[in-house]
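Novice: Chains as they are written, first to last, in the UniProt record's numbering: chain U, 1 to 363; chain W, 1 to 525; chain F, 1 to 422.
Rather than coming from a laboratory, the hints here were simulated on the basis of the structure.
Mixed in with the good hints, there may be bad ones.
As the list claims (entries may be wrong) - Result set (EDC-like, lysine to aspartate or glutamate): computed pairs, CA atoms no more than 16 Å apart in a straight line: (1) F/K420 <-> U/D201; (2) W/K96 <-> F/E253; (3) W/K133 <-> F/E253; (4) W/K39 <-> F/E253; (5) U/K195 <-> F/D163; (6) W/K36 <-> F/D163; (7) W/K133 <-> F/D390; (8) F/K199 <-> W/E196; (9) F/K222 <-> W/D120.
Just so you know, these numbers come straight off a predicted model, no measurement behind them.
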Amino acid sequence: MTMPLNQTLLARTSAKLGPRLSIAVGAVVLALLIALPLLHLTPADSAFHVNAYTLTLVGKILCYAIVALALDLVWGYAGLLSLGHGLFFALGGYAMGMYLMRQSAGDGLPAFMSFLAWKELPWYWVGTDHFIWALCLVVLAPGLLALVFGFFAFRSRIKGVYFSIMTQALTFAGMLLFFRNETGFGGNNGFTDFKRILGFDITAPATRAALFLATVILLVASLLLGWKLARSKFGRVLTALRDAENRLMFCGYDPRGYKLFIWVLSAVLCGLAGALYVPQVGIINPSEMSPTNSIEAAVWVALGGRGTLIGPLLGAGVVNGMKSWFTVAFPEYWLFALGALFILITLYLPHGIIGLLKRGEKQ
Amino acid sequence: MTTALYRLLFALLLCFQWSSSYAGDAADFSAANSSKQAKLLQAWAAAPDAARLPLLESLQNGRVEADSNKTPFYKTDTGYQAAEGGDLEPVGKLRKLRLNNRLRGLIAITMASHQLFSTDPAVRLLAAQELQKSAKPAQLQLLNERLAQEDDADVSEALSLALASLQLIDSDPQVRLAAVRLLGETGQPLARVRLERLLADSNETDAAVRTAAETSLAQVKRRLMIGELLGQAFSGMSLGSILLLAALGLAITFGLLGVINMAHGEMLMLGAYSTYMVQVMFQRFAPEAIALYPLVALPVAFFVTAAIGMALERTVIRHLYGRPLETLLATWGISLILIQLVRVLFGAQNVEVANPYWLSGGIQVLPNLVLPYNRIVIIAFALFVVVLTWLLLNKTRLGLNVRAVTQNRNMAACCGVPTGRVDMLAFGLGSGIAGLGGVALSQIGNVGPDLGQSYIIDSFLVVVLGGVGQLAGSVTAAFGLGIANKILEPQIGAVLGKILILALIILFIQKRPQGLFALKGRVID
Amino acid sequence: MKRRPFLKTTLAASALLLSGLFPFSAHAADTIKVGILHSLSGTMAISETSLKDMALMTIDEINAKGGVLGKQLEPVVVDPASNWPLFAEKGRQLLTQDKVAVTFGCWTSVSRKSVLPVYEELNGLLFYPVQYEGEELSPNVFYTGAAPNQQAIPAVEYLMSEDGGSAKRFFLLGTDYVYPRTTNKILRAFLHSKGVADKDIEEVYTPFGHSDYQTIVANIKKFSAGGKTAVISTVNGDSNVPFYKELANQGIEATDVPVIAFSVGEEELRGIDTKPLVGQLAAWNYFESVENPVNEDFVKKWKAYAKAKNLPGADKAVTNDPMEATYVGINMWAQAVEKAGTTDVDKVRDAMAGQTFAAPSGFTLTMDKTNHHLHKPVMIGEIQDNGQFDVVWQTDSPIRAQPWSPYIEGNDKKPDYAVKSE
């Protein structure tokens, strides 16, 4: 990283602006996001009714936005480009999926197991019929994996490109593992056909609205957390670490703990996003772990603007919005557009959309 | 006079019989249903008749067709010829005689027993070898007769082996003993099964034969074991050579230039498509020299991919030197565009790249070990490319410049090395070598737009594991990974094997972050 | 000045959110909307694109004859891009935004499993045209492809027959996903019932996109030394080429060890050098080379359509089993709508039972009265060097599907009619 990025744009500008405007704008968006699920509860023939299609689509993009934010915490702030965040996302999703499968299966085995003639649940499925334990798994599975991987990686000071390639290999290995039917996670089919969550019908409008609201709350919470972190001394150490790790070490800091903390936090956030994604979308399968998905997440961040908090959210929204539109309007040209986007951002927009807006403001 | 007349009559009769039996065979066959055809073939195999050879040959080549009266015809290059002889014209529509795999197998056996009568010892030898695999008990007598009359030593040996399998059920213990000993001499997988069957369930009562069979079995098993081990080593080498070819270009673009070239896989893909284009050109303009197309494809693929690589370097990558993570994103974008471009130009379907005859089939080294020609050629080719790359980097001025720029860009520039040009040429070289890899890959797998995607992760792991910037490291890593993969695969399956290898690499990198062959130095950022 | 970035970003974000809120849908009263849900991009595009075109051709044909209930059919094509969650999303879009009367779509099992809850929730109607593993019977789906007893079991019976080479040992090779797993499980139970012992059955799985078959082919060779062996391959699409190439190069011929495949059809053979494959087998319910007037007409129409629409590779256009199943499915649906006099899902479902259609396979296919599957003939074809199949064996009459295979434990308790999964 030869080009030190400025410290968090959000923190700086809002400090100058005074928090009023940003709070106002944020409140409008937040109000919109809260109104959406409430409108879903109106009768279907009402003029303000928001249908399930729109709600799940926006809900999905919000989950992606959380992933983008989590990735930005490690990439934008600590300079560790992870190409394996899809793995953490999917692990959280699978943990939630296990609970949902147990809910649909009742006392029996999940459908995919019974027709492969499994007689009993594998040990790692124990307790997944309890929502609380499933929630713990949502945090623990990605968290522990990140902890172990991070501990070894940071101890031997793997960074930069090596780190990216190792994380890519990690998610690739995870994908292969989950594709195996013997692994006990439904192989290629993954988990589908969920019925109930906490006893509520998963297709009921109220359940959908609640899940959507939970996603909004998680997004807001992670934004606040990110903001707090970025403004703290911890955030400044991270940025220093990104820009000149050796100098930081010579100043007497031990970078390992900092890296490990932000890395695990980011993985856990991804896991939570995955856990909210699965019941809304209705399926989790190993292709979520494919390296391509993780690289795409890096593009959301790069497009929106690294090292800022709003940027990644914008990036996730714009890329996924474009994708929805392009795959309907010109399915042939979507990859051209995405590819060109990658190249143009890296060549001309190193600070992403946020950087562009900021440049416009300076002139 | 009378005797002469009788002789003449007899000869005529014989002649008539002979021709009628010959004429009948083809007609019988084309009129019969498949189970009757099988019986016919079995009967023919036990009692060969040279006159049947044209029928059998035509059947084997799929040139027998029947008209609506079920009258058989041979398809020739110019038209049709009645199998029964004469000037019959086909009635109605001609249909190819339908054969199933069982009939095809029987035809091969029948053909072999007919060929035992050939005057050419080489043909007899092949026939005897075929019968070793597939002789039926009904052919016992025939084989005995042929063995008695055989004067060629090699053919004799092959025939007695073919006989040995049949003699295991002979009533005379002496014959069985001889057969068992003979089978022990071979390394045939079939001999093992036959001996095991003999020993199982106390089929064999004679103690001497039993002991001999046990010794022979042990002998056969040992030979089979050797074959298996060699086979495993070979497949490991072969996989290693493929990984090496896939990764070698990356060893230059990533290893020397430090560009995280995610479009590297697409260079392989473009190399493979260049091969396809060359093949199409040959089909169109020089069909008689089609066998040579892979040789022509090599330089074409090299220059095509090198040109594309240099163009990319000039337009995109040179703006990103020193920002490795950004090159990752930009080159990923390039790779998406290249994939979609190929998809639009050639279609999403895979294209057909055929092996020329000299890359099809394999050489039988041991009874249970066949080494495919395409894999042998690819191993040799991989080594050739490594040597070529090494020479280029170590013995040419370009190589000197590349190494200088790698070690210290500013100093090299001060000494008058045109770093921009060197970067471009080095990137072109790496891409061109990837193109060569693509030609090789096209000979063993699919050629489709997604070809590169399946190699990109493996390629990076090879380069990282070997140590960035180290040619020797990449070679060691590629062959090491290939062989490790092939040792693990039979034990725990292909999927777990691959996962385990990935896990091991991740652990290894923790231990030695600089790879197997680390550049030693005291540089710190 | 400094307020702009915030305003802009917020506006951009909210515009984005809103764009999803109010999708407009054009509505024409005198047409019946028909959804087509096949991947047109991504890995499955190779197989699914031709099904989309076949569906469009069939709809054109029905429209040319005056449509259904006097109305024209209006196809709504969406692209789920080989992305499984996207299948559910696009399925929901078809049902709630476009309000289609019926959907024709899906290829992989996982895509079907992904949309199934949506179709059950919204009471939609889906026609699924591909052979699959069974173990499913939804009231909202009609299965026009084969269940295992309409493809896999007859194929193995053939291999065990004299004509098929009287195989005694079986090497079950598949890509590791649910279709091969379930099929092989059924086959193993079936082989047991035929007296084949476990030591004569070997089951091997490879990951998706596996390309190095050296070890597996060596194992097949070793295994086949123990007696007449057949390989039953459920290897998925792309991996077939390296597999067959390796077989041929290591000197294993179809006469020694025949390979029967359940996922290799005319369309898959299009991009392959077929020389090493000649003599190998495939089991389907239809082959392009079947000779009968209906099929001649069908193939001719398809080739003309491909040329007229300028589809990629139109000069080499082929038909295959799933395309025939799509064709049959759409025609049967149209007949059922005519019979029911409405496109209402519940009424059409009732009218589907017992529908018949003279299919290109040369048989008159019947939709089962209760189990939502077609009665289909089974054919074994041998690969020819021109990329076509030569039918070497076929059943005398169509066979009734058993979606709940009797060879899987516990299935005897499952009802043989469609019930919502609960």
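Novice: Hints first: check each against the structure and report whether it holds.
Specialist: Hints and how they fare:
{"no.": "1", "hint": "F/K420 <-> U/D201", "verdict": "holds, 15 Å"}
{"no.": "2", "hint": "W/K96 <-> F/E253", "verdict": "violated, 21 Å"}
{"no.": "3", "hint": "W/K133 <-> F/E253", "verdict": "holds, 13 Å"}
{"no.": "4", "hint": "W/K39 <-> F/E253", "verdict": "violated, 22 Å"}
{"no.": "5", "hint": "U/K195 <-> F/D163", "verdict": "violated, 49 Å"}
{"no.": "6", "hint": "W/K36 <-> F/D163", "verdict": "holds, 11 Å"}
{"no.": "7", "hint": "W/K133 <-> F/D390", "verdict": "violated, 28 Å"}
{"no.": "8", "hint": "F/K199 <-> W/E196", "verdict": "holds, 15 Å"}
{"no.": "9", "hint": "F/K222 <-> W/D120", "verdict": "violated, 33 Å"}
Going down the numbered hints, you'll see the structure goes against 2, 4, 5, 7, 9, while the others check out.
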